[in-house]
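First residue of the sequence shown? That's 1400 in my numbering, and the numbers climb one at a time after it.
Don't read these hints as lab results, they were simulated from the structure. On a predicted model such as this, the values are computed, not experimentally measured, just so you know. Treat the hints with caution; some may be incorrect.
To be verified - No farther apart than 25 angstroms at their CA atoms in a straight line, the calculated lysine-lysine pairs in the DSS-like style are these:
#: 1; residue 1: Lys1556; residue 2: Lys1481
#: 2; residue 1: Lys1481; residue 2: Lys1510
#: 3; residue 1: Lys1529; residue 2: Lys1563
#: 4; residue 1: Lys1556; residue 2: Lys1510
#: 5; residue 1: Lys1530; residue 2: Lys1563
#: 6; residue 1: Lys1510; residue 2: Lys1531
#: 7; residue 1: Lys1563; residue 2: Lys1531
#: 8; residue 1: Lys1530; residue 2: Lys1443
#: 9; residue 1: Lys1494; residue 2: Lys1443
#: 10; residue 1: Lys1556; residue 2: Lys1529
#: 11; residue 1: Lys1494; residue 2: Lys1563
#: 12; residue 1: Lys1443; residue 2: Lys1510
#: 13; residue 1: Lys1443; residue 2: Lys1481
#: 14; residue 1: Lys1556; residue 2: Lys1494
#: 15; residue 1: Lys1529; residue 2: Lys1443
#: 16; residue 1: Lys1494; residue 2: Lys1481
Claimed, not checked - Here are the in silico distance ranges between beta carbons for each label pair:
#: 17; residue 1: Gly1536; residue 2: Leu1466; range: 40 to 46 angstroms
#: 18; residue 1: Lys1531; residue 2: Leu1436; range: 29 to 35 angstroms
#: 19; residue 1: Ser1468; residue 2: Pro1515; range: 15 to 21 angstroms
#: 20; residue 1: Lys1531; residue 2: Ile1552; range: 27 to 33 angstroms
#: 21; residue 1: Arg1570; residue 2: Gly1438; range: 36 to 42 angstroms
#: 22; residue 1: Ile1528; residue 2: Thr1572; range: 21 to 27 angstroms
Every residue, glycine too, gets a C-beta built ideally from N, C-alpha and C.
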Amino acid sequence: MAALSAEQMDVSPTPCAPETPLPSGPRDMHYFLSHGLEGVGYQKYRDTRSFTSAIESQADELFSGNLNSGQYAVFSLVTQTKLATIDRIRNSRLKGLRFLYLQDEETLIVKITPGPVHEVASQEFAYLIKKKAARMGLESALGLMGATTYQGIGSQKQADCALKPWLPRPRKTDWPTLVIECGL
1400 MAALSAEQMD VSPTPCAPET PLPSGPRDMH YFLSHGLEGV GYQKYRDTRS
1450 FTSAIESQAD ELFSGNLNSG QYAVFSLVTQ TKLATIDRIR NSRLKGLRFL
1500 YLQDEETLIV KITPGPVHEV ASQEFAYLIK KKAARMGLES ALGLMGATTY
1550 QGIGSQKQAD CALKPWLPRP RKTDWPTLVI ECGL
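All chains, full assembly: derive it from the sequences and hints.
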């Protein structure tokens, strides 16, 4: 059987080079904050009241079905002290938020999770992965870590769900092998 060209199959050929610019280095934060977060407005963090108001307003739009409101909010000028205050608010009143904090950039990226549907989807996906691992004889080798926050060098990130192998990496602080991020 002869191979058909992309034109003969009425499909576009795969481009050879990426259409978007690549990061200039491993810590090119401008690239990572501008690609993948197109259309997301950046706000300067002023105080807890304005933060809470902005998040609640955006969440109301999202939950009403307006997917154009977006799932992410980005705040600049967030110090570690301010992050600790914001984290306390999240833990008491805004439990459906996930944070990615970039210390050097003093930037907080907030992911607004759209309620139980999001939680069920991420947990079910993790369960299916664990079930597949069990069929391979690795049932007790993987632990479900849930929405744990992981510390990096100059950053921290809360997963929607994560799985971590128990046997070769026994320390509680070891990073997970698989992190699940669910979005709209």
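Verification of the hints:
1. Lys1556 x Lys1481: holds, 16 angstroms
2. Lys1481 x Lys1510: The hint holds at about 18 angstroms.
3. Lys1529 x Lys1563: Between Lys1529 and Lys1563 the Cα gap is close to 10 angstroms, so the pair holds against 25 angstroms.
4. Lys1556 x Lys1510: The hint holds at about 11 angstroms.
5. Lys1530 x Lys1563: holds, 14 angstroms
6. Lys1510 x Lys1531: violated, 29 angstroms
7. Lys1563 x Lys1531: Judged against 25 angstroms, a Cα distance of about 15 angstroms means the pair holds.
8. Lys1530 x Lys1443: violated, 44 angstroms
9. Lys1494 x Lys1443: holds, 22 angstroms
10. Lys1556 x Lys1529: holds, 22 angstroms
11. Lys1494 x Lys1563: Cα-Cα ~23 angstroms, so holds.
12. Lys1443 x Lys1510: holds, 17 angstroms
13. Lys1443 x Lys1481: The hint holds at about 12 angstroms.
14. Lys1556 x Lys1494: Answer holds: Lys1556 to Lys1494 is near 15 angstroms, not above 25 angstroms.
15. Lys1529 x Lys1443: Roughly 41 angstroms separates the two Cα atoms, so the pair is violated.
16. Lys1494 x Lys1481: holds, 17 angstroms
17. Gly1536 x Leu1466: 40 to 46 angstroms: holds, 42 angstroms
18. Lys1531 x Leu1436: 29 to 35 angstroms: Cβ of Lys1531 to Cβ of Leu1436: about 32 angstroms, so the range 29 to 35 angstroms holds.
19. Ser1468 x Pro1515: 15 to 21 angstroms: Taking Cβ atoms as reference, Ser1468 and Pro1515 lie about 19 angstroms apart, which means the hint holds.
20. Lys1531 x Ile1552: 27 to 33 angstroms: holds, 32 angstroms
21. Arg1570 x Gly1438: 36 to 42 angstroms: holds, 40 angstroms
22. Ile1528 x Thr1572: 21 to 27 angstroms: Holds, at about 22 angstroms.
In summary, the numbered hints that this structure violates are 6, 8 and 15.
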